[in-house]
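Student: Start from the sequences, fold in the hints, and give me the full structure.
Those sequence lines, one after another, are chains A and B.
Going by numbering that gives the first Met the number 0, the first residue of the first sequence is number 0, and it counts up by one from there.
Going by numbering that gives the first Met the number 0, the first residue of the second sequence is number 0, and it counts up by one from there.
Hints are computed from structural coordinates only; laboratory data are not their basis.
Owing to the predicted nature of the structure, the values given are computational and were not obtained by experimental measurement.
Some hints here could point you the wrong way.
Claimed, not checked - Below 30 angstroms or equal to it, Euclidean Cα-Cα: the simulated DSS-like pairs (lysine-lysine) are:
(1) 162/A x 113/B
(2) 223/B x 162/A
(3) 1/B x 173/A
(4) 116/B x 1/B
(5) 113/B x 223/B
(6) 20/B x 173/A
(7) 1/B x 253/A
(8) 20/A x 173/B
(9) 223/A x 223/B
Residue-level listing of the chains:
There are 2 protein chains.
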Amino acid sequence: MKKFNIGILGATGAVGQEMMKILAERDFPVNELRLLASKNSAGKRIGDYTVCEACAENFKGLDIILGAAENDIAERFIDDIKASGAVFIDNSSAFRLDPDVPLIVPEINPEDVKKHKGVISNPNCTTVISCTAVNALNSVSPIESMVVSSYQAVSGAGANGPKELFNEVDALAKGEEYAPRVFQHQIAYNVIPQIGGEQFMGYTSEEMKLQNEGRRIMHLPELKVSCTCVRVPVVRSHSVSICLKTREKISVEKARELISAAAGCKLVDDLDNQLYPMPLATSNQDLVFVGRIREDLTDERGLNIWCCGDQVRKGAATNAVQIAELVIKEL
Amino acid sequence: MKKFNIGILGATGAVGQEMMKILAERDFPVNELRLLASKNSAGKRIGDYTVCEACAENFKGLDIILGAAENDIAERFIDDIKASGAVFIDNSSAFRLDPDVPLIVPEINPEDVKKHKGVISNPNCTTVISCTAVNALNSVSPIESMVVSSYQAVSGAGANGPKELFNEVDALAKGEEYAPRVFQHQIAYNVIPQIGGEQFMGYTSEEMKLQNEGRRIMHLPELKVSCTCVRVPVVRSHSVSICLKTREKISVEKARELISAAAGCKLVDDLDNQLYPMPLATSNQDLVFVGRIREDLTDERGLNIWCCGDQVRKGAATNAVQIAELVIKEL
Chain A
0 MKKFNIGILG ATGAVGQEMM KILAERDFPV NELRLLASKN SAGKRIGDYT VCEACAENFK
60 GLDIILGAAE NDIAERFIDD IKASGAVFID NSSAFRLDPD VPLIVPEINP EDVKKHKGVI
120 SNPNCTTVIS CTAVNALNSV SPIESMVVSS YQAVSGAGAN GPKELFNEVD ALAKGEEYAP
180 RVFQHQIAYN VIPQIGGEQF MGYTSEEMKL QNEGRRIMHL PELKVSCTCV RVPVVRSHSV
240 SICLKTREKI SVEKARELIS AAAGCKLVDD LDNQLYPMPL ATSNQDLVFV GRIREDLTDE
300 RGLNIWCCGD QVRKGAATNA VQIAELVIKE L
Chain B
0 MKKFNIGILG ATGAVGQEMM KILAERDFPV NELRLLASKN SAGKRIGDYT VCEACAENFK
60 GLDIILGAAE NDIAERFIDD IKASGAVFID NSSAFRLDPD VPLIVPEINP EDVKKHKGVI
120 SNPNCTTVIS CTAVNALNSV SPIESMVVSS YQAVSGAGAN GPKELFNEVD ALAKGEEYAP
180 RVFQHQIAYN VIPQIGGEQF MGYTSEEMKL QNEGRRIMHL PELKVSCTCV RVPVVRSHSV
240 SICLKTREKI SVEKARELIS AAAGCKLVDD LDNQLYPMPL ATSNQDLVFV GRIREDLTDE
300 RGLNIWCCGD QVRKGAATNA VQIAELVIKE L
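Tutor: Put into C-alpha cells, the structure is as follows:
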C-alpha cells in the first residue's frame with residue numbers, strides 16, 4: 000500500500016496535536032510525518048518527532064500538508080506550499096470562500112475534492128457539526144433557512160481556552176482576581192454572546208460562517224442563516240440549537256429516520272429517558288449527536304433540532320484527516 | 000399611608016427569601032410580615048421573624064399572600080387563601096393559564112390586575128425576561144412568532160441548584176465522584192437541553208411557557224413560539240436568544256430606540272466595545288438587559304435579540320412585589 004509524506008502546519012497547537020492523534024488512530028498510510036511550527040518551537044520534541052520550522056525548504060517532499068494554524072500563518076505560507084507541490088488541507092478560514100478552493104465535509108460533499116487546485120479548506124467547527132446534523136434532511140428537501148443559537152466550548156479558542164476557564168474557577172474559589180486574556184470577559188459561570196469581531200450587519204465573523212460556508216458545503220447557494228454564537232463554560236464539544244425550514248415539510252418521524260441513517264450522525268432523542276446530546280457525552284469521539292427533534296411551532300415546514308459534536312475532532316482535526324483520506328485516493 | 004399585612008408562602012426558599020429582601024428594598028408599606036412555610040420550618044428564625052406553619056388559621060388577617068412555593072403547595076392552599084380574603088400573588092405555574100387569573104408583568108399589562116378575583120399569577124421567569132425585552136416592539140407592530148433558545152442559570156432550580164454546581168466543580172477538581180440530584184445530569188462544564196418533562200409534541204413544560212404565558216401577558220392570542228430551553232453552568236441570570244417576527248418590519252435602529260425607552264429594559268448593544276448583556280453583569284438587579292439586535296437574515300420582518308435578566312429578581316420575586324404594588328392601589 001502506498002504511503003504518504005504528511006506535514007502538519009501548526010503542529011504544536013490543540014488542533015495540530017489532535018491531527019497527530021487522529022492520523023495514528025485511523026491508520027492513515029503515513030510514510031514521513033513532519034511537524035511544522037514557528038521558529039520558536041523548532042527543535043522541540045513531541046513524542047518520537049522533532050518539530051521543524053515552517054518554511055519553504057521544509058515543505059519540500061510532502062504530499063499533503065494539514066493546516067492547523069490561524070489565517071495569517073496560512074496566508075503567509077500558501078505560495079510556498081503551492082510551490083512545494085503538496086496538497087494543502089487548511090483549517091483556517093483564509094480560503095474557505097475562494098471559489099477555487101473546495102470546502103469539504105466528507106459525509107456531505109466528498110465529490111468536491113476532485114475540483115481542488117492544490118488547496119482544500121476544512122470548514123468552521125460549528126458549521127461542520129451543524130451541516131453534518133442537518134444534511135440528511137437537505138438531501139430529501141432543500142433547506143431554505145436556519146435560525147441558530149450556539150453553545151460553544153472554550154477549547155474552540157485553542158488550548159488556552161480551557162486553561163483560562165479553570166484558572167478563573169480556581170481564582171473565584173479562592174476569592175482572588177483573574178483578568179481574562181483569551182476571552183473578552185470572565186467565562187467561568189458566565190456566557191459570552193460574542194465569538195469573533197463584527198463582520199456583517201451586526202453579526203460576528205463566527206456567526207456568518209454557517210451561512211457562507213454552509214451554502215458551499217451543502218450546495219445551497221440561497222441558504223439563509225441567522226446565527227447567534229455564544230461561548231459557554233464547557234470544556235469541549237459545541238452544542239447547537241437549530242430551527243430550520245425545508246422547501247417541503249419533513250415530519251419528525253421522517254427526520255429521525257433520516258438522521259439515524261446519516262453518515263457521521265448518531266440519533267439520541269428520547270426525552271422521557273433524559274437522553275439527548277450533551278457536550279460531556281459527545282467529547283473525544285467523531286460523531287455528531289442529534290436529538291430534541293420537534294416540529295417548529297412557528298412554521299409548518301420547520302423543524303427544531305439540537306446537536307452536539309466534538310469541535311476539535313469532527314469540527315476540525317478528524318474532518319481534515321477524512322479529507323486527506325479522500326485526497327490520497329486521487330494521488 | 001396605609002400599611003398592609005403581607006404573607007410569604009414558601010418563605011424559606013430562594014424566591015421567598017428574595018421577596019423578603021425586595022419588600023424591604025422597595026419600601027413596600029408593610030404592617031405585618033408573616034413568613035409561612037412547612038410544619039418542619041415552623042419556629043425557625045429568619046432575621047427578626049419567626050416562621051409559622053402555612054395553614055388556614057395562619058392566613059387570616061393578611062391582605063396579600065406572595066406565593067413562592069411549588070404547584071402542589073399552591074394548589075393545596077388555594078381554597079384556604081381565598082377563604083381568608085387575602086389576594087394571592089402566586090409564583091407557581093398552577094393557575095397561570097386560568098382565564099380568571101390575571102398573569103402580569105407590570106411593565107406590560109398592569110391594567111389586567113383589575114380583573115383579578117383573589118388570585119394573580121406571576122409568570123415563568125424566562126417568560127418575564129423575554130416579554131419585558133420584546134414588548135416595546137410589540138407595542139409598535141404585533142409579534143407574530145418567536146424562535147427562542149435559552150441559557151438558564153442553575154439558581155432557576157432553587158437554592159440547591161448552585162450548591163450542586165459548586166459541589167460538582169469541587170468534586171471534579173479533586174477527582175471525586177458526585178451523583179447529580181437536582182439536575183438530570185452533571186451540569187458543571189456541561190449544558191443540559193432539558194428543563195421540565197415532556198408536555199406537548201416533544202416540547203418540555205418549560206419550553207411551552209413562553210408561548211402559552213406570552214400570549215396572555217402581551218395580549219397576543221395567536222403568538223407562536225418555538226422554544227428550546229437549556230440549563231447552563233451559570234449561577235444566576237437567564238439569557239435568551241430570540242429571533243422574532245413582527246407583522247410589519249421594524250428596523251434595527253427603531254428597535255434600539257424603542258427598547259432603550261422601554262420600562263424595565265436597559266439597552267446594552269455595542270459589539271465593537273464588547274458590550275452586550277451577560278449573566279454576570281445582570282445579576283442582583285431588576286432590569287432586563289437587551290443587546291445584539293440584528294436584522295434576521297432569514298426573514299425581512301425578523302429581528303434577532305439577545306437578553307439577560309436576573310430570574311430570581313425580575314423573573315420572580317421583584318415581579319411579584321411589583322404586582323403587589325399594583326394591587327394595593329386597588330385595596
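Student: For a C-alpha distance cap of 30 angstroms, please report whether residue 20/B and residue 173/A respect it.
Tutor: The hint holds at about 28 angstroms.
Student: Below or equal to 30 angstroms on CA atoms is what counts here, so check residue 20/A against residue 173/B.
Tutor: holds (28 angstroms)
Student: Has the given pair, residue 1/B with residue 173/A, been kept, meaning a C-alpha gap of at most 30 angstroms?
Tutor: violated (48 angstroms)
Student: Given the hinted pair residue 223/B and residue 162/A, is their Cα-Cα distance within 30 angstroms?
Tutor: This hinted pair is violated, its Cα atoms lying about 42 angstroms apart.
Student: Please work out if residue 1/B and residue 253/A have their alpha carbons no farther apart than 30 angstroms.
Tutor: violated (63 angstroms)
Student: Compare the distance between the alpha carbons of residue 162/A and residue 113/B with 30 angstroms, and conclude whether the hinted pair is satisfied.
Tutor: Violated, because 55 angstroms separates the two Cα atoms, which is more than 30 angstroms.
Student: Would you mind confirming whether the straight-line C-alpha gap from residue 116/B to residue 1/B stays at or under 30 angstroms?
Tutor: Satisfied, since the Cα-Cα distance of roughly 22 angstroms is no more than 30 angstroms.
Student: Checking one constraint from the list: CA of residue 223/A to CA of residue 223/B, max 30 angstroms. Satisfied?
Tutor: Roughly 21 angstroms separates the two Cα atoms, so the pair holds.
Student: Does the alpha-carbon distance linking residue 113/B and residue 223/B stay inside the 30 angstroms limit?
Tutor: Given that 30 angstroms is the threshold and the Cα spacing comes to 27 angstroms, the pair holds.
In summary, the structure is inconsistent with hints 1, 2, 3, 7 from the numbered list given earlier, while agreeing with the others.
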